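Chains as they are written, first to last, in the working numbering: chain L, 1 to 352; chain C, 353 to 541.
Hints are computed from structural coordinates only; laboratory data are not their basis.
Hints may be right or wrong, so weigh each one.
Across the chosen pairs, the derived CB separations fall in these ranges [claimed, not checked]:
#1 C/I535 with L/R308: 42 to 52 Å
#2 C/V492 with L/A348: 47 to 57 Å
#3 L/A348 with C/K388: 51 to 61 Å
#4 C/G452 with L/P151: 17 to 27 Å
#5 L/K244 with C/G487: 17 to 27 Å
#6 C/Q456 with L/R279: 47 to 57 Å
#7 C/I535 with L/N61: 48 to 58 Å
#8 C/E471 with L/A251: 32 to 42 Å
#9 C/I535 with L/N277: 22 to 32 Å
#10 C/R390 with L/H303: 43 to 53 Å
#11 C/I535 with L/V63: 34 to 44 Å
#12 C/E404 with L/V6: 43 to 53 Å
#13 L/V6 with C/G462: 50 to 60 Å
#14 C/K490 with L/D72: 34 to 44 Å
Cross-link-like lysine-lysine pairs, in silico, BS3-like; alpha carbons within 27 Å at most [stated by the list, open to error]:
#15 L/K258 with L/K244
#16 C/K461 with C/K414
#17 C/K414 with L/K187
#18 L/K4 with L/K258
#19 L/K7 with L/K244
#20 L/K244 with C/K414
#21 L/K258 with C/K414
Only a predicted model underlies this, so the values are computations on that prediction, with no experimental measurement involved.
We put the beta carbon where it would ideally sit given N, CA and C, even for glycine.
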Amino acid sequence: MIEKLVKTTGEWLKGEGPSSDVVVSSRIRLARNLAEQPFLLTASAGDRAEIYRSLAGETSNDVVIPDAMVVDIDEADEIDRNLLVERHLISRQHAAGEGPRGVTISPDETQAIMINEEDHLRIQSLRSGLQLELLWHEVNEIDEALANRVPFAFDEQLGYLTACPTNVGTGIRVSVMLHLPALRLTKEIERVARAARDLRLAVRGSYGEGTEAVGDLYQISNQTTLGKSEESIIETFSRTIIPKIVEYERAARETLMKQHSSQLDDKIWRSYGLLTNARMISSGETQSLLSPIRMGIHLDRFHAFDIRTLNEIFLYTQPAHLQKRLGKKLDDDERAAARADYLRERLASKPK
Amino acid sequence: MTLNGINPTVKIENPLGTAKKLHKMITKMNCQHCNKSRATVHITDTVPERKERHLCEDCAEKEGVIIKPNQHTTNEILQQFIKQKIGLGLTENVVCPQCGLSFQEFQVKGQLGCPHDYEVFKAQLMPLIERAHEGGTKHVGKKPGGGTPPQNLHTGLLKLRRELQDAIQQENYELAARVRDQIRNLEQQ
Ligand SMILES: [Zn+2]
Ligand SMILES: [Zn+2]
Chain L
1 MIEKLVKTTG EWLKGEGPSS DVVVSSRIRL ARNLAEQPFL LTASAGDRAE IYRSLAGETS
61 NDVVIPDAMV VDIDEADEID RNLLVERHLI SRQHAAGEGP RGVTISPDET QAIMINEEDH
121 LRIQSLRSGL QLELLWHEVN EIDEALANRV PFAFDEQLGY LTACPTNVGT GIRVSVMLHL
181 PALRLTKEIE RVARAARDLR LAVRGSYGEG TEAVGDLYQI SNQTTLGKSE ESIIETFSRT
241 IIPKIVEYER AARETLMKQH SSQLDDKIWR SYGLLTNARM ISSGETQSLL SPIRMGIHLD
301 RFHAFDIRTL NEIFLYTQPA HLQKRLGKKL DDDERAAARA DYLRERLASK PK
Chain C
353 MTLNGINPTV KIENPLGTAK KLHKMITKMN CQHCNKSRAT VHITDTVPER KERHLCEDCA
413 EKEGVIIKPN QHTTNEILQQ FIKQKIGLGL TENVVCPQCG LSFQEFQVKG QLGCPHDYEV
473 FKAQLMPLIE RAHEGGTKHV GKKPGGGTPP QNLHTGLLKL RRELQDAIQQ ENYELAARVR
533 DQIRNLEQQ
C-alpha cells in the first residue's frame with residue numbers, strides 16, 4: 001500500500017494554489033472523540049483495539065473518504081511510519097506512539113484521518129497554497145459524514161470534548177506553512193514571529209511542535225479553540241494574518257532584488273552548485289540549499305528546474321523517502337552519499 | 353497586525369574602534385528617520401550587507417524594530433498553571449468515577465481520561481480553560497449533525513449561493529466548482 005504512495009508526490013507539493021510563491025501549503029485539522037468512550041490515556045488495550053477497529057472501518061467508508069487507504073501504524077515498520085510523517089499524513093507523535101492506531105488516507109493524499117493519536121480522531125485536509133476555505137469545506141464534509149455514523153463527545157457549553165483541554169471547543173487547528181527566506185535574510189523574521197505570537201498564534205518549524213525552521217519554512221497555527229467559531233478563525237487567517245505576512249515577504253524579496261541582486265543570484269547559484277556537485281549531503285543542508293532556489297524560481301531568476309521538480313527533490317531527499325526508494329535501511333553516512341548521488345542524477349538528467 | 357509596546361533593549365555592535373567612543377558618538381545622534389528626536393535605538397544589520405541604523409523609539413516602533421516582549425504559548429501557560437497548582441497543593445484529589453483518573457494524574461500527564469472529566473473536574477478545569485483560550489468559556493461554532501438537515505435545505509442553499517459568489521469574486525475557481533456541485537446535489541434532493 002505504502003508502495004503506491006512512494007510513486008507520487010501528493011497534492012500539497014504541486015506548488016500551485018493562491019499565494020504559492022510564499023504559502024507552501026495549508027492545513028485544517030479537527031480533533032474529535034467518541035462519546036461514552038475513554039480517551040486514550042485511560043483506555044485499556046482492549047478499548048483501544050476496539051476503537052481502532054471500529055474507526056478504521058467508519059473512516060474508510062465510501063461516504064466518508066471514497067477509495068480510502070487505511071494504514072495500520074502499529075504494524076508498519078519504522079521507515080513507512082517516517083515516510084508518512086515526511087508526507088505530512090501523520091504527526092511525529094503518531095509515528096512514535098504505541099498500541100492500535102492508524103491513518104485513513106484519500107487517494108490524492110489531501111485528506112487524512114489519524115485514529116488513536118492524542119484524540120480518537122484527527123481529521124485533516126491539506127493542500128498546496130493558501131486555500132483555507134476549500135479545506136474547511138472538505139474537512140467539514142468528512143466531519144458531517146462521520147457524525148452521522150458515530151456519536152461524538154460534545155457538550156453544549158464546551159463544544160467538542162478533547163483529551164487535552166487546550167483543544168476543547170471547535171477542536172480546530174488551522175496551520176499555514178510559509179516560505180520566508182527574504183524575511184530571514186533581511187532579519188525581519190523575528191519581528192514577524194513575535195507579532196504572530198502576540199496574536200496567540202504558534203510559530204513552529206515545518207514538522208510541527210518542537211521542530212526547527214529548516215529551509216526557511218515556518219508553520220503558523222492558531223492556539224485557542226474555545227469561544228471563536230471555525231469560520232472566524234479561518235477568516236482571520238485567510239484575510240488578515242497570512243496576506244499580511246505574504247506582503248512583508250514579497251516586499252523583502254523586492255528589496256533584495258533591487259538592492260542586492262548580485263548577492264541574491266550568487267546565493268541561488270552557489271546553492272545549485274553545491275546540490276549538483278556534493279558527494280555527501282545531509283537532509284538539513286539539502287533543505288537549506290533548496291530555500292534560495294525556491295525563492296529564485298518564484299522571482300524568475302532561476303530556470304535550471306521548475307518548482308515541481310524542486311518539491312519532488314525536497315520530498316525524496318528526506319531520510320525515509322530515500323531509504324524507501326533504495327529499499328533498505330541506511331546509516332547517516334550512507335544516506336548522505338545516497339542523497340548526493342540522487343541529487344546529481346536527478347538534476348543532471350534535466351535539460352537546462 | 354499590531355506591533356505595540358516597547359522593548360527597551362539597546363544593542364550596540366562595534367567590531368571597529370572602542371565601544372565607549374562609538375557609544376558616545378551615537379548617543380548624541382539624532383534619529384535618521386525623522387531627524388528630530390534623539391536616536392536611542394541602534395541596529396546593526398549584517399545581512400545582506402553591513403549597515404547601521406540609528407532611530408528614535410517612535411520610528412523604531414513604526415519600522416517594527418522594537419516590539420512587545422514575547423507572550424507565553426498555550427503549553428507554557430498550561431505547564432505553569434499545573435506547576436502552580438501542584439506546588440501550592442490547592443486541589444483536592446477528585447477522581448472520575450467513569451475512568452478512574454484523578455485530577456492529580458491529569459496535572460502530571462496533561463491529558464484527561466474521558467469526556468466525563470470535564471464535568472467531574474469542572475471547578476479546577478475552568479480557570480485553566482479560560483486562560484488557555486484567551487478568556488473563552490463558551491463554545492461558538494458547529495455542532496455534531498448541525499450541517500444541512502432537510503428542514504434547513506432552503507437556508508443551506510442560500511448560504512451556498514452566497515459562498516459561490518464569494519468564491520467567484522475571489523477567483524477561487526476550484527472552490528467555486530465544489531460549491532456549485534454541492535448546490536446541484538441539494539437542488540436534486
Ligand atoms: Zn525618529
Ligand atoms: Zn473520566
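Okay, the hints, checked on the actual structure:
no. : hint                           : result
1   : C/I535 with L/R308: 42 to 52 Å : violated (33 Å)
2   : C/V492 with L/A348: 47 to 57 Å : holds (56 Å)
3   : L/A348 with C/K388: 51 to 61 Å : holds (59 Å)
4   : C/G452 with L/P151: 17 to 27 Å : holds (22 Å)
5   : L/K244 with C/G487: 17 to 27 Å : holds (24 Å)
6   : C/Q456 with L/R279: 47 to 57 Å : holds (56 Å)
7   : C/I535 with L/N61: 48 to 58 Å  : violated (24 Å)
8   : C/E471 with L/A251: 32 to 42 Å : violated (51 Å)
9   : C/I535 with L/N277: 22 to 32 Å : violated (55 Å)
10  : C/R390 with L/H303: 43 to 53 Å : holds (50 Å)
11  : C/I535 with L/V63: 34 to 44 Å  : violated (19 Å)
12  : C/E404 with L/V6: 43 to 53 Å   : holds (51 Å)
13  : L/V6 with C/G462: 50 to 60 Å   : violated (36 Å)
14  : C/K490 with L/D72: 34 to 44 Å  : holds (39 Å)
15  : L/K258 with L/K244             : holds (21 Å)
16  : C/K461 with C/K414             : violated (43 Å)
17  : C/K414 with L/K187             : holds (16 Å)
18  : L/K4 with L/K258               : violated (45 Å)
19  : L/K7 with L/K244               : violated (36 Å)
20  : L/K244 with C/K414             : holds (16 Å)
21  : L/K258 with C/K414             : holds (22 Å)
In summary, the numbered hints that this structure violates are 1, 7, 8, 9, 11, 13, 16, 18, 19.
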